[in-house]
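> All chains should be modelled from the sequences, with the hints used to inform the complete structure.
Each protein sequence line maps, in turn, to chains A and B. Under UniProt numbering, the first residue of the first sequence carries the number 1, and numbering increases by one thereafter. Under UniProt numbering, the first residue of the second sequence carries the number 1, and numbering increases by one thereafter.
Where hints are given, some of them may not hold.
Pulled a few chain A residues facing chain B out of the computed Cβ check, cut under 10 angstroms [unchecked claim]:
#1 V68
#2 P72
#3 D126
#4 G193
#5 D229
#6 V232
#7 T233
When the alpha-carbon atoms are kept at most 27 angstroms apart in a straight line, the in silico DSSO-like pairs for lysine-lysine are as follows [stated by the list, open to error]:
#8 K123/A <-> K248/B
#9 K320/B <-> K282/A
#10 K327/A <-> K266/B
#11 K146/B <-> K324/B
#12 K111/A <-> K28/A
#13 K137/A <-> K307/B
#14 K320/B <-> K330/B
#15 K132/B <-> K298/A
#16 K137/A <-> K248/B
#17 K180/B <-> K330/B
#18 K257/A <-> K137/A
Since the hints were made in silico from the structure, they are not lab data. Every residue gets a Cβ at the ideal spot worked out from N, C-alpha and C, and that includes glycine.
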Amino acid sequence: MNAIIYDDIVSQRNTIFKVKVRAIAAEKRKVLIVNTNSGGHAIIGFYFAKELLGCGHEEIVSGGGRTVWGDPAEIGKVLEGAQFDAVLDNNGKDLDTVRPVADWAKSCGVKQFLFISSAGIYKPADEPPHVEGDVVKADAGHVGVEKYISEIFGSWSVFRPQYMIGSGNNKDCEEWFFDRIVRGRPVPIPGSGMQLTNISHARDLSSMLALAVENPSAASGNIFNCVSDRAVTLDGMAKLCAQAAGIPVEIVHYDPKAVGVDAKKAFPFRNMHFYAEPRAAKEILGWQGTTNLPEDLKERFDEYVKIGRDKKPMKFELDDKILAALKVPVAA
Amino acid sequence: MFFVVKVKAIAAEKKKVLVVNTNSGGHAIIGFYFAKELLGCGHEVTVMTVGEETSDKMKKPPFNRFSEIVSGGGRTVWGDPADIGKVLEGAEFDAVLDNNGKDLDTVRPVADWAKSCGVKQFLFISSAGIYKPTDEPPHVEGDVVKADAGHVGVEKYISEIFGSWSVFRPQYMIGSGNNKDCEEWFFDRIVRGRPVPIPGSGMQLTNISHARDLSSMLALAVTNPSAASGNIFNCVSDRAVTLDGMAKLCAQAAGCPVEIVHYDPKAVGVDAKKAFPFRNMHFYAEPRAAKEILGWQGTTNLPEDLKERFDEYVKIGRDKKPMKFEIDDKILEALKVPVAV
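Here it is in structure tokens:
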């Protein structure tokens, strides 16, 4: 397949990256990925592009893809003359940002439009997990996009991810835990530590997207929770990271309000149950997840050490504030 | 009390099914719903309850409603599973469900007798409680179980001696005819304006299914033995609920406000198992095998189902029944939480 990654300035790490090369009997498609230039979702476009290209250890360009940069509002100029069968918007969080891309795609005959939304739009519930079809927050920016593309495209699919691990991630995930574990520092976790979250390997998200591109009629008109099919507790993530590192871990729980810190700044995951399941993908696309946190985290830790991040000098100002408030000693 | 059963038009053959049912506890209701569902589908059903018909235990639900099984065309008998051959002398069955034993000593006589008289399909109600606690919920069929759990020995044995076997692992149930309190524990406190003490953070997940979901899963296994055979099925609905969430949903069903109070059982000095009806930990299994292999769909809808349960709770006058809350009082005193008179 031909894939174009279309980024604003992307800083990607130089890393080895394995892609499952699939023998696809499906027709060859031209796919455009409009990718964000930062944040947790940046990695999705990277993995997806490489999966579509079927590249082994090569990066996107050497795998045959094309990378360009520009402003989504000017997409017509940037991609003048190019034609695509499918477009994935992995950038916008609201209609103002996505509309130019969607309108342009529609105007030049793109058949299939895919959108990376967010499982964060589900309304918190007493009855996890979040399942496709559950109520979403009406005022969430992504909701406006989902609605719009469902109105203007015959073939559309929406993907709602949570958190990801994988080489090439733009945003810390497991690293936040490794940073503390390798330095023998306590891991401060807000609340009880029993909150569920979902942490998927990016390859699971890209395989789901690839299935949608290969099976547009099955995928069309559907919302897919773009996640692996297990939850992990916040405490559990700390423990699994420690096991992957082969180092003991000391978990310390705290009440952000009582301590006077903003939990969003102090901790990488939501301080509440936040667990969606990929039921639609399994049922409609025949998708299967491969995320195996115990194994995947070992790989992530190997890379963490290889790039020397375990030796990097770091400050832990928010941690120190929390630990001081709790009077927890930190090994020198 | 009305009991609505979905009558399924099945092209499948009529089967003779035996249910060996426990005489008490949370699982008793399973045999009751299952028997009525099978009868509604035109199968022949015998329910053998452990113990004696005259036992005081038979005055409680679901046993005090076994006339419904009889009027539905079923047969109810009583006896000791160790003597099952005598109790059911001459009877023949296509399928047997053991909804009684928690260990091999108890189930083996039933399994061996069934094998000896040509029963083709053996079903066993095990428990989702045998899963090893995990950092990565939910419990999925195939996950590691506690090797020393009694049910595990049974699961292993029946898999060895029957060509067609299935195992079902349930959690907690609601439904008319329940032998063990579930939602009632919450209603008791909510209608009396008492705080609801919940151990830990209240964020622990559990699963609470309507008994009709369990019986529909079992019925699918009986009508599709080849699909069901050789499989373990988590016998639960497909949503979790937090402990706090259950309290809130019960309060909503009752149309009353609720005051939740969290406590540390150790600090307060109470045994959480006696103080609270559900496990003080994440305890959440999912019915993935049933959906995939049997094409089963759940219908549990806690907000709606709890309204029905509350209506019955009031109808039988339990909201007015004088009650003591000794362990609650101990907890609340330790926390210095006032209780409205």
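> Let me make sure I understand: some of the numbered hints might not hold for this structure. Which ones are they, in numerical order?
1, 2, 9 and 11
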